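Trainee: Residue-level listing of the chains:
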Amino acid sequence: MALDRIVAPVIKDAIDFNIQLKPYQKFSLDNGVEVYAYEGGSQEVLLVDMVFYAGNSFEQKNWVAAATNFLLKNGTASKTSFEITDAFEFYGAHLNRTCTNETATVTLHGLSKHFQEVIPIMGEIISEASFPEKEIAILKQNQIQRLLLNLKKGDFIANRLIDEYLFGFDHPYGKYSVEKDYTAINREDLVAFYEQYYLNGKCVIFIAGKFPSTMESLLNKHIGQLPLNKKEIKEQAHPIISATEKKYSIINDAASVQGSIRLARHFPNRHHPDFPAAQVLNNIFGGFFGSRLMSNIREDKGYTYGIHSYLQNYKHAGAWMVSTDAGKDVCKATIEEVYKEMKKLREEPVGEDELKLVKNYMLGALLGDLDGPFQIISRWKTYLLNDLTEDYFYNTIKVVRSVRPEELQALANTYLKEEDFYELVVY
Amino acid sequence: MIQFEKFQLDNGLKVLVHQDTSTPMAVVNVLYNVGAKDEDPAKTGFAHLFEHLMFGGSVNIPVYDEPLQRAGGENNAYTTNDLTNYYCQIPAENIETAFWLESDRMLSLAFSKKSLEVQRKVVCEEFKEHYINKPYGDAWHKMRSLAYTQHPYRWMTIGASLAHVEDATMEDVKDFFFQFYRPNNAILVVTGNVETEQVKKLAEKWFGPIEAGKAYVRNLPKEPLQEKTRSMDVRADVPLDMLMMTWHMGGRFDEGYHATDLITEVLGGGTSARLYEQLIKVKQIFSSIDCYHFGTVDPGLLVIEGKLVKGISMAVAEKAVLEEIEKIKNEILDAKEVQKVINKTESVICFEDMSIMNRAHSLAYYELLGDADLMNKELGMYQRVTPTMIQHTAQQIFQENNRNTLYYYSKS
Chain A
1 MALDRIVAPV
11 IKDAIDFNIQ
21 LKPYQKFSLD
31 NGVEVYAYEG
41 GSQEVLLVDM
51 VFYAGNSFEQ
61 KNWVAAATNF
71 LLKNGTASKT
81 SFEITDAFEF
91 YGAHLNRTCT
101 NETATVTLHG
111 LSKHFQEVIP
121 IMGEIISEAS
131 FPEKEIAILK
141 QNQIQRLLLN
151 LKKGDFIANR
161 LIDEYLFGFD
171 HPYGKYSVEK
181 DYTAINREDL
191 VAFYEQYYLN
201 GKCVIFIAGK
211 FPSTMESLLN
221 KHIGQLPLNK
231 KEIKEQAHPI
241 ISATEKKYSI
251 INDAASVQGS
261 IRLARHFPNR
271 HHPDFPAAQV
281 LNNIFGGFFG
291 SRLMSNIRED
301 KGYTYGIHSY
311 LQNYKHAGAW
321 MVSTDAGKDV
331 CKATIEEVYK
341 EMKKLREEPV
351 GEDELKLVKN
361 YMLGALLGDL
371 DGPFQIISRW
381 KTYLLNDLTE
391 DYFYNTIKVV
401 RSVRPEELQA
411 LANTYLKEED
421 FYELVVY
Chain B
1 MIQFEKFQLD
11 NGLKVLVHQD
21 TSTPMAVVNV
31 LYNVGAKDED
41 PAKTGFAHLF
51 EHLMFGGSVN
61 IPVYDEPLQR
71 AGGENNAYTT
81 NDLTNYYCQI
91 PAENIETAFW
101 LESDRMLSLA
111 FSKKSLEVQR
121 KVVCEEFKEH
131 YINKPYGDAW
141 HKMRSLAYTQ
151 HPYRWMTIGA
161 SLAHVEDATM
171 EDVKDFFFQF
181 YRPNNAILVV
191 TGNVETEQVK
201 KLAEKWFGPI
211 EAGKAYVRNL
221 PKEPLQEKTR
231 SMDVRADVPL
241 DMLMMTWHMG
251 GRFDEGYHAT
261 DLITEVLGGG
271 TSARLYEQLI
281 KVKQIFSSID
291 CYHFGTVDPG
301 LLVIEGKLVK
311 GISMAVAEKA
321 VLEEIEKIKN
331 EILDAKEVQK
341 VINKTESVIC
351 FEDMSIMNRA
361 HSLAYYELLG
371 DADLMNKELG
381 MYQRVTPTMI
391 QHTAQQIFQE
401 NNRNTLYYYS
411 KS
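First to last, the sequence lines map onto chains A and B. Counting in the numbering used here, the first sequence runs without a single skipped number right up to 427 at its last residue. Counting in the numbering used here, the second sequence runs without a single skipped number right up to 412 at its last residue.
Chain B on its own, in the form it takes in the complex (with noise of 0.2 Å):
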């Protein structure tokens, strides 16, 4: 059970409090509420160049990295396709100092050019050594295109294309912040050796002055149902053939989103799922093999990616893969292996509450879902998970016509 305090200042941020006195430490998280889904699709990659962008200096200061470290902190930040979240870890006695950072770059940036014409440079860089210097690099650009047609999570948040990340203007990023960078669209969430009291204050002082900015509404096109299955072939320099698939699942409110979760578990998760069990050591079709899922805020993906073994055709491959599926949406679990799901559930949330890091991270995400109470719930929500409701929720999400392939074939 996390606790945590909460409250709003006039300016429309929120602000959640979760004390631990065993740490010296402090984390100061802010989450802003914007991510590669709210791009143009003209302009993607900007969520995350702009990450970057918010390390280059302030309005009232000049770099951000070096007050933060001469304070003996650390910091680093995110950019997912729903959200962009920045945090600071900070010895408790110096939280100030991240309070004065955080919010000077809340507040405005210093739109340097310089730092502009840098990151662009760097970002272009993190393209490459991601996404085209490396085997399958290209793979989720064209997966992602492929399942998608209208909704913003068909490109990645490194963008779909360099040349949106190279075009990208001062202009672009001035509206940009002024768009989704204000205390209204934001989360701030302090843990670890503070006081509810102190957090207010220091909230007050440093982020209480910025003004509200227009009120963002989410308005992203809606996927159309999918009504007949789709595929790419791609031939590529790459030295195995691999085979990825993905369904159509709902997203993070949708009353089968534990369940579905569980269904990668039983497929995917560890050496004893039916996936790694049944086709890398009984059959041998597969050298490696994955089942997991976007976990996004709206409609999101299961996945199914594996390299074949050398020698066995795709054809084959695809046929034991949607045996499987066939057996899942056929056949009741039974309750043993519902239980492992739900025991090893259990055990990455309490290792992911163990540091005061991943406690704010969650206790932000929670609350952009709608409620940071959540957090608590969550381990309550698998646990009423039935073998019923997996079996339903299989028969629901692998649909043939919900199906999205990639043949990627090994040239050699």
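Just chain A, same shape as in the assembly (with noise of 0.2 Å):
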């Protein structure tokens, strides 16, 4: 018999696989800082996550979360920059710092054979940071220098731009920095800030690879004796303000070949019930390759290389973004695009068919994404730094497999409102 081409082989629906997000150990250190553990994997290495809670809307200056952390490792009482990056790479481990709007993070990458040899050396930057003044100029600038790099791109204005449209530059998740915010930094700005959010600061702890059998006690030596998690760090609550105008359209280089478009409204964050089902109706419209939005105005138009929608989560507030650069003399015609698709989904339910798909797609993606100990943390962290359990993880599965296309239609209706969307276009 000859081979049958044309029908699909019989597949196994993801919709029907037992997912599940496997379970950390937990543990607490001496001074009370928490460690959520999760080993496994097949490569001998691990992976540390120190958060902090000295992310950049606890600052009263701008820049000074984000410059405090990427200097802690750039000089400690008893050792340069230089030791301190050579001592980590010696092993093979890579030091990285993340600053984001709550959390600033300080990661460690290594080999689990090394362990021993650089976690004294993570400890050391945590509690005898020093912020030597050369360092802190060089960084500075440096960092001007990026900026007006920077600014040369259309897609980094406009990034910026339509975070402050949405919640206003007063607020942590609007605000940005601008050359003057650079120079205006000395170093008892970053001192305080490191001695009030780091060396007395709160903490919490990621580990997930290969563990050697002393993890826990070197863990505790070098990190659990530390001054941290004694004060309560208060979060302080920052007010929106959104711009009144929603439409513009910015010429930052006049001989750009394409615009940068970003359409965005506010969406509230993961804890809002409608939360699971509108990353459904995020996929449908533009949250993949198979999305209404890419297929419309890349596959069918080729107006772009690529276009995207997805829900900035962030911890307290959120917003549904669309974002794409194309060709200029196009940028109206795929805005317009945008909206005919939010349209449709208002007017007309999703197909059985299209639907069945997606919800594949996603669960079929989100095992994938639970592959492996580095991805298995990770979820963990999101969910216990957004107050979130593991009820909220079964909680979207069971909506991803359940919810009917009345449920999205009803939600594009709340949601997907072309005059809800602040629309920009940076050339």
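There could be a bad hint or two in this list.
As the list claims (entries may be wrong) - Straight-line distance between alpha carbons at most 30 Å, and here's what the computed DSBU-like set of lysine-lysine pairs gives:
no.: 1; chain 1: A; residue 1: Lys134; chain 2: B; residue 2: Lys377
no.: 2; chain 1: A; residue 1: Lys79; chain 2: B; residue 2: Lys6
no.: 3; chain 1: B; residue 1: Lys214; chain 2: B; residue 2: Lys6
no.: 4; chain 1: B; residue 1: Lys281; chain 2: A; residue 2: Lys79
no.: 5; chain 1: A; residue 1: Lys79; chain 2: A; residue 2: Lys231
no.: 6; chain 1: B; residue 1: Lys121; chain 2: A; residue 2: Lys152
no.: 7; chain 1: A; residue 1: Lys344; chain 2: B; residue 2: Lys114
no.: 8; chain 1: A; residue 1: Lys26; chain 2: A; residue 2: Lys328
no.: 9; chain 1: B; residue 1: Lys134; chain 2: B; residue 2: Lys283
no.: 10; chain 1: B; residue 1: Lys14; chain 2: A; residue 2: Lys328
no.: 11; chain 1: A; residue 1: Lys202; chain 2: A; residue 2: Lys113
no.: 12; chain 1: A; residue 1: Lys340; chain 2: A; residue 2: Lys246
no.: 13; chain 1: A; residue 1: Lys344; chain 2: B; residue 2: Lys121
no.: 14; chain 1: A; residue 1: Lys153; chain 2: B; residue 2: Lys121
no.: 15; chain 1: B; residue 1: Lys114; chain 2: A; residue 2: Lys152
no.: 16; chain 1: B; residue 1: Lys329; chain 2: B; residue 2: Lys281
no.: 17; chain 1: A; residue 1: Lys180; chain 2: A; residue 2: Lys230
no.: 18; chain 1: A; residue 1: Lys356; chain 2: B; residue 2: Lys114
no.: 19; chain 1: B; residue 1: Lys142; chain 2: A; residue 2: Lys332
no.: 20; chain 1: A; residue 1: Lys328; chain 2: B; residue 2: Lys134
no.: 21; chain 1: A; residue 1: Lys356; chain 2: B; residue 2: Lys142
no.: 22; chain 1: A; residue 1: Lys301; chain 2: B; residue 2: Lys134
no.: 23; chain 1: A; residue 1: Lys210; chain 2: B; residue 2: Lys377
no.: 24; chain 1: A; residue 1: Lys153; chain 2: B; residue 2: Lys411
no.: 25; chain 1: A; residue 1: Lys343; chain 2: B; residue 2: Lys114
no.: 26; chain 1: A; residue 1: Lys210; chain 2: A; residue 2: Lys328
no.: 27; chain 1: A; residue 1: Lys140; chain 2: B; residue 2: Lys121
no.: 28; chain 1: A; residue 1: Lys332; chain 2: B; residue 2: Lys121
no.: 29; chain 1: A; residue 1: Lys140; chain 2: B; residue 2: Lys281
no.: 30; chain 1: A; residue 1: Lys246; chain 2: A; residue 2: Lys315
no.: 31; chain 1: B; residue 1: Lys121; chain 2: A; residue 2: Lys343
no.: 32; chain 1: B; residue 1: Lys134; chain 2: B; residue 2: Lys281
no.: 33; chain 1: A; residue 1: Lys140; chain 2: B; residue 2: Lys214
no.: 34; chain 1: A; residue 1: Lys301; chain 2: A; residue 2: Lys332
no.: 35; chain 1: B; residue 1: Lys281; chain 2: A; residue 2: Lys134
Simulated from the structure, these hints should not be mistaken for lab results. Every value quoted in this text rests on a predicted model; they were computed, and no experiment measured them.
With the hints in hand, could you dock these two chains into one complex?
Mentor: Following this line, the structure appears as structure tokens:
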């Protein structure tokens, strides 16, 4: 019998998979710092994420939080910046820093067999960071140059402005740094921030991979004795002040051959009951390669290399965002098509077949996203830092499996309304 | 150590299987032995444009993505100067869907006119987004054509010009497909929660009936030895001056390859590397600087590129880089610095091998080089590199007549 290449092989629907979020192990260090651990994987490597409540929502002056986070490893009481990096890198370890709105993180990636050599240095930078003047000056200089370069890029400008329109420049989610913020920072600002939010700060640790048998005692010895988690760190409330004008067109570079388009509206955070179903609707709209925006605007019209929509899920507030770079002459047409796709979602229920495809895709992708120890701990980290439990995980799966076309249409009528969206093109 | 099994179908398709039962997923990876270097110099950008067309439907299946997504799978592809690689990750239970899809597009594409028209536009937008509408976006176009006079590495995978992509015809597409996208010019790798016997059956069933094509004999022009240093001045609307230098280096099989890789680590790997420490921190001549190499199969380029601190002249910056070059040529590295870059390499290899996706990419790539088991020998090759080998290789590469320099000035 000839091979039938027309009919697809039988598949098991991903909606029928039993998807589990594997549990973490939890223990506390002597100073009360909580450690969430997930052991596993095929390679002899691990990652340690020290999360501090030291994001930019805690700063009084722009850029203090990010600069403090960046410079943590650029000098301690007894080591120069070079000696610190060299010590990590000699053991094949890598130290990253990231500063976000609520939290700031120091992340170690390394070989399990060298954990005992590098964890003391990690403890040292948290407890003895010295913020040398020279390091601050170099960072400022290079940061200003990086900004000059970024200001030439339409997508960089667009990302900053759309957040400002949504949340207001005085809100941590809406603010950004300008050149004078960099020059205005001095060593005292950084040291004060460091002392309050790192040295005597609030910290939680996530660790995953292959653990040496001494992992717990080493963490306790080098991190567990630091004066962390003694004082309450209060989160400040920041009012959202959105722009009143909704439509913007900005010329950043007259010679530009493309426009950076951003369309965005406010959207609640993950605690809102609409969130899981909105993720399904977002996937249909512009959330993956097979989405309507991608099929229409890239695959049918060729206006852009890529177009995406996503739920910007910050801790306290969020946004529903559409983002693309399109040819200069087709920016207007692109925006019109985005609105057409919103209208279609409001007026016509999603077909059963399309919905089933998206559900299977989402759950198959979720299964893949949970593959590996770093992926598992990363998901737990997101949940724990956003005050969510595993109920959120299982509820999301339940909603993805069961959500009906009419519920999605109702959601589209609530959230995908043209008049609610900020609209920005930067040329 | 990555274990795998290997077999070959009658039509020449090589198949590799790596089992990992700890994951519920599987990866199906098809590597085609064709890259931008195999293009006609008058029709560049074709291998990459072609990668886009591979998603425009095949002879029996109108849309590639839909059935895959329906089966819970995701996919992507990339084109380099040396190869084109397609891969999908899918729940292992649905792996046959990937075989069905991948084999049908190896059998034959649909060659839809609409798909060609649209993807030409999409690639043009990609070209604009990455190479025109971006500060310094044209630097690599210029550097490649400066450094290479003969070898096809002289153009980028996106193509030498937008016109080549815009002018692509359906005839070109068909010729390219039947020349390169044949089972005897491909490597299939399956990793994840699979059994070799199961993969054998599926491979025979879906790929077995596809006819072999004419063997592709690669006969690329060799780049002649560079005899004189070359340079080019560029002035553009960018905020900062940039200095970019390249030197010709050996290919993937060159005995100095691993030493060259470690040289780029010593000079440019991370913030404890020499260029960062000396030129950004101590002398404050650059605000950013990188050193890396192409890692290409044929002889590639070793690259140093950096943005100058405002107020520093190009001549001062160039001199400072060359001083570091002289150091690595003239002073033997101490054992600790060599150990550091070897340790870093070990770490990079371990992290790379974490996912079944990367393991599939690596197995396919090393099989293209001649033997997938080279993947398991790589760390040993680095561990054998001595300080003397590094110095010797540095002396060979860093010769003045082997250098190409792009002075990229800010107009403002």
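Trainee: Can you give the numbers of the hints that this structure goes against, from lowest to highest?
Mentor: 1, 2, 8, 10, 15, 17, 19, 21, 26, 27, 33
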